[in-house]
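Chemist: Reassemble the complex: the two chains are provided individually, in unrelated frames, and hints are given to aid placement.
One line per chain: the protein sequences are A and B, in this order. Counted from 1, the first sequence has number 21 at position 21 by the numbering used here; the numbering is strictly sequential. Counted from 1, the second sequence has number 198 at position 198 by the numbering used here; the numbering is strictly sequential.
Read the hints as simulated data drawn from the structure, not as lab findings. There may be inaccurate statements among the hints.
In silico DSS-like cross-links for lysine-lysine, where the CA-CA straight-line distance does not exceed 25 Å [stated by the list, open to error]:
1) B:K385 / A:K60
2) B:K292 / B:K477
3) B:K264 / B:K292
4) A:K41 / A:K3
5) B:K288 / B:K264
6) B:K48 / B:K68
7) B:K344 / A:K93
8) A:K93 / B:K84
9) B:K292 / B:K385
10) A:K6 / B:K344
11) A:K41 / B:K385
12) A:K41 / B:K413
13) A:K41 / B:K264
14) B:K84 / B:K48
15) B:K413 / A:K3
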Amino acid sequence: MEKISKDEVAYVANLARLSLDGEAVVRFTTQLNDILLYMDKLGQVDTTGVEPVSHAIARKNAFRPDTIAASLPIEASLANAPDARGSCFQVPKVIE
Amino acid sequence: MELCGLTIHELQEMLRAGQTTSAEITASVFERIDAVENRVRAYITLMKESAIAEAARADEVIRSGEMKALTGIPVALKDIFCTKGVRTTCGSRILHNFIPPYDGTVVEKLRAAGAVITGKTNMDEFAMGSSTETSFFGVTRNPWDLARIPGGSSGGSAAAVAADECIASLGSDTGGSIRQPAALCGVVGLKPTYGRVSRYGLIAFASSLDQIGPFTKDVEDCAILMNVIAGCDPRESTSVPEDVPDYRTFLGRGIEGWRVGIPKEYFIDGIDPEVGAAIRESIRVIEKAGAKCIEVSLPHTDYCVAVYYIVAPAEASSNLARYDGVKYGFRSEDNRDLLDMYKKTRSSGFGEEVKRRIMIGTYALSSGYYDAYYRKASQVRALIKRDFERAFAECDCILTPTSPTPAFKVGEKTDDPMQMYLSDIFTISANLAPIPGMSVPCGYTTSGLPIGVQFLAGHFQEGRLIQIASAYESQAKIERRRPAL
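Chain B on its own, in the form it takes in the complex (with noise of 0.2 Å):
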């Protein structure tokens, strides 16, 4: 096996036993690239040179013997994470241009912590979309099948997982956009609860939503990652000032005893067949591990793509008020004033599924409707969460699919928005509550497509998420197999 096929604590072995370098590693990894990222497109920019640099410093820090929790690992970061210096473009033309001042939080951890930064990756434009379609830098391509999508919106960073063109790489997931393409591309990704890791230097989509986490190629690395990006930040109001566990200490415990509950409103007619076939699987796995499986019910699962598709949009119509050509960014050519270059720079600078996004938000926040669905989308999004708890006090987990189908061919539902939006059915849930989620690999399709089963659990029990995942990847055993590009 190559060295950029090797997981986070593989290659950590090798780099404390002296059998590698954080240089040979890093070289490794962009010889992948060159021979795979022409065909996958993973990234929007790649960060080489500086990627090299930063390995030669990780070997001398391994060499006086300072090694820290990420030293000498390349790591790839979704295009959404401001990073000094470096274009972040959030996958749209309105920041094609765009060079941050600064490093977001999770950015700086990283670096703290001694990765070694690979590139941005591709991306839905403002992390709208479930397929990496919508990016004004083109499709990723799902590296199991290139006719197919990576999923999304962080598309980008699990394709690059997927394709070994990094070791890991950090997403953001507002409605699935971590844990959808993490199935879908067959890596684990894990959203944690909001307010766990910081969104400093995130650029924001729906505020009351959006999370930052990690996509890796197994359970051990998520939570090596976790313990990276996790914890209260003074620059984030809505970050929580809750102990952060070390993660590893909850791998391999096993979950003898665990209740796990599998809701009955997850399983409904428009799954895949194999989909539900390699859960069915996923939930004896669980019992042969020691857990009892129990139908648990969240009644309202019916309206939590309604929910989100009001609150999402009308919070990003907001937050997008921002990109107005003044400060930054894109701006058009010709004005004939300052509202027309408002105007010109906003319908050139966004793509068409922002536009559309925008277009719901205002219109579900202007005066008349408030009431009719942003406020009655918030009361319903009441009784979502008001689900969760019922349902965690009779389990310490539950199990779904993560996506109800495996990727889709590209351009299959790009004329529909609503089909497109159907498919974070499973995901969205746990932004609304707003719990923690992890999607792990659980098999393939006979055509070799990647799925993933989800775990979801009470807030801040992520360490929960990664018990039930690690005890599930020991007791399934799924082949790791490596995409044939």
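So that you can see chain A by itself, here it is in the shape it has in the complex (with noise of 0.2 Å):
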């Protein structure tokens, strides 16, 4: 049975923001198959009414002091950066 198609795989890609070759569409698309497959089992248990989880564990309100404290400095903030201006992250150009 097919779950997933291989232009769904090259949806959900794009969507992802990942390039896909033929061959590996054809791949991902038999293992997500496999996959998703596997994951019907859950249609076997009946959670007609059951809370689905959204914590791990319950905590309410995780409030800390508002104080002042030292953050970054851009310098160290841009140290890591493929490429930057002054103060900015640099990109290929977005807008015309």
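Modeler: Shown next, in the form of structure tokens:
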């Protein structure tokens, strides 16, 4: 049974900002099908009225004192940037 | 025995008595690394120079009589913890050149306790794997058999302790990444309750499951490290303001009168016969130590892997969206425009398994599939949590195998992701629940591969785990072997 088609794999890859070549699309389609078929077993579980887990351990309002502390200097923030100019990260032109 | 082969508490006694120095211990560890690391490949980055300087400072501290919890003890860190000024790769090409501007909380705590940091250990890329084979930096080998995997994802941290390339180490556990490699490498590994240890400065994989914990040569050392790393952190809003006990006080207390639950769903057909025999023997040992073993049921066990491989990739696909080649890490060249840069950077920066999980996660969260996958999985997760709450109403602690098999061969499962995922079958539930779990060595196969037994307890009951593990360790008297490297 096909859970996910090659077209859907290509579509999801675009959402995830990944480019997959034709061979990778075929491979991932097969593997994702196997994995998603395995996930089907969750359909056997009756979850009517079960509240989904949204927090691993419930903890409300994790406040801390609102005090001013040192933040990272600009040079340290930019030190790992593949490309930077002045106090900014630099990327390929976005606006024509 | 060389110094590098001793435990934290043994070395501390010698340091206190003036029988050795941190400089000697650290030198012994790096001599061992020189001798075996080219075969084991436990480390991505070694920090010999700074370690020697830290050891010299530790010796001054010891001479002044101010010894702290880890003064002078060489400890290794999984390369998932941010270390100020030291490259932190997470086993990925996309972070191959990332130098964090800050230390993670556990790193700060280790330093404050006086530890000597030996280096950063190898791991599956972004902690996604059960064998340390998905690392961009090559495969770590199991010190007990170099043709086999050390487990994963914290395989480097486990192998480094087993091979005496450090005295203890830290790892992280999202679905078994501390306990499974601990079992496969014959060392002690503990995954605390979610929220017990701050994740600040831990590179995120699945934020509702990730937790940091120690690898050590024995249970007492585990308690020593837990005393250092546990506690609430104002910088990490999911860390929990729950009192942290002195974990050493749980050592040697015994388990007379305890009820230990044996979940019937964990004794499945796929268990290796030698693992099964070792676990049955562990049950006898626990009974000899004065506990009563009772059968308990965790009815949703069979669904844990399916829930995990939806929840973890979904969270990962979101967490890993930040790797876009803009602020840090690898960026591709010859980019047409911004979108082209994102895609090229991510496609050549991430390895196959990471891409596969991003794909699963993106799909499970995408429009039209969210209810069928993520919501459904989160509901079944609630039932898995409830299973444990009910079981712990009947028993103090649960005993299971850690891994269904001993270490498998390098390459054995790399072509079949589903088979690889099923190797986490006994460890995943503790992350979903999210309760503490601990793996303790419980014997060897006839071919000399280590086997681990897993103990599970209720939320924030790490002390109870250390208590039963300590009782087990002294009753079982498992021979402390050293891998023949």
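Chemist: Taking the hints in turn, state whether each one holds.
Modeler: Hint by hint, here is what the structure shows:
| no. | hint | result |
| --- | --- | --- |
| 1 | B:K385 / A:K60 | holds (19 Å) |
| 2 | B:K292 / B:K477 | holds (20 Å) |
| 3 | B:K264 / B:K292 | holds (16 Å) |
| 4 | A:K41 / A:K3 | holds (13 Å) |
| 5 | B:K288 / B:K264 | holds (21 Å) |
| 6 | B:K48 / B:K68 | holds (22 Å) |
| 7 | B:K344 / A:K93 | holds (16 Å) |
| 8 | A:K93 / B:K84 | violated (32 Å) |
| 9 | B:K292 / B:K385 | holds (24 Å) |
| 10 | A:K6 / B:K344 | holds (20 Å) |
| 11 | A:K41 / B:K385 | holds (18 Å) |
| 12 | A:K41 / B:K413 | holds (22 Å) |
| 13 | A:K41 / B:K264 | holds (20 Å) |
| 14 | B:K84 / B:K48 | holds (16 Å) |
| 15 | B:K413 / A:K3 | holds (23 Å) |
Hint 8 alone, counting from the list given before, is not met by this structure.
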